[in-house]
Amino acid sequence: MKIVHISDSHGRHRNLTEAIEAIERIDVLIHSGDFSDYGIKEETEFFLEWFKSMPAKHKILIAGNHDDTFFHSSNVSKEFDLTGIDYLQDELIEIDGVTFYGSPWTPSPFGGSFTFYPGEGETIWQKIPDDVDVLITHGPKFKTLDLVEKYDRTQRLGCPSLAERIDQLDNLKAHLFGHIHEAKGIMTDNGIQYSNSATGLHVLELDEVGSE
285 MKIVHISDSH GRHRNLTEAI EAIERIDVLI HSGDFSDYGI KEETEFFLEW FKSMPAKHKI
345 LIAGNHDDTF FHSSNVSKEF DLTGIDYLQD ELIEIDGVTF YGSPWTPSPF GGSFTFYPGE
405 GETIWQKIPD DVDVLITHGP KFKTLDLVEK YDRTQRLGCP SLAERIDQLD NLKAHLFGHI
465 HEAKGIMTDN GIQYSNSATG LHVLELDEVG SE
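Heads up: take any position in the sequence shown, counting from 1, add 284, and you land on the working numbering.
Simulated from the structure, these hints should not be mistaken for lab results. Any given hint could turn out to be false.
Just the calculated beta-carbon pair ranges, DEER-fashion [to be verified]:
no.	residue 1	residue 2	range
1	474	411	19 to 29 Å
2	311	452	21 to 31 Å
3	407	302	40 to 50 Å
4	363	435	36 to 46 Å
5	325	474	39 to 49 Å
6	368	433	31 to 41 Å
7	448	302	36 to 46 Å
8	489	376	15 to 25 Å
Since we're looking at a predicted model, the values are computed, not measured. Every residue gets a Cβ at the ideal spot worked out from N, C-alpha and C, and that includes glycine.
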């Protein structure tokens, strides 16, 4: 299964059009949040029309802390046209035998859309199914593609409680996220592919479930 992962386009999604259209046979196109910059309805609708037009068999979308329109909506699927898009907000879907779970939440001491305060993460992440294949969150776990330089020192901004939950997911094959722009990259650790595609694009090949 070929997965194309994008994130944190912040209204500049058209910059990715040429790169996406150049990729042959995309099975699943995933955006892991912050498709908005200002969080206004017109911006959201502009992105959704573009996302629907991209050449992929399936499309998955989660929100991020900039996506105020989804956060304040009482029913996203009724307020916005999501035709051809699987929008996941603490939800699981299965595509061709592969399970995908998406969650928009990130830790923040300041509040904001789809954020939680320190100490609240464990309850949120326990909703992740034990046997999920692909996990999509807006932000990273602690100590994985989360390192930034700030005030002449380095700092890790990933979520410790998410890291603890991922350690319990024996079936996990990939974790896709963004949020921390400075730490964009892709890596494999303990058999799990990690992709931080903030402001960019990554292509992942996922082995068929059950194959060696």
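Hints, one by one, checked against the model:
no. : hint                     : in the structure
1   : 474 with 411: 19 to 29 Å : holds (23 Å)
2   : 311 with 452: 21 to 31 Å : holds (27 Å)
3   : 407 with 302: 40 to 50 Å : holds (42 Å)
4   : 363 with 435: 36 to 46 Å : holds (40 Å)
5   : 325 with 474: 39 to 49 Å : holds (42 Å)
6   : 368 with 433: 31 to 41 Å : holds (40 Å)
7   : 448 with 302: 36 to 46 Å : holds (40 Å)
8   : 489 with 376: 15 to 25 Å : holds (22 Å)
Of the numbered hints stated above, none is contradicted by the structure.
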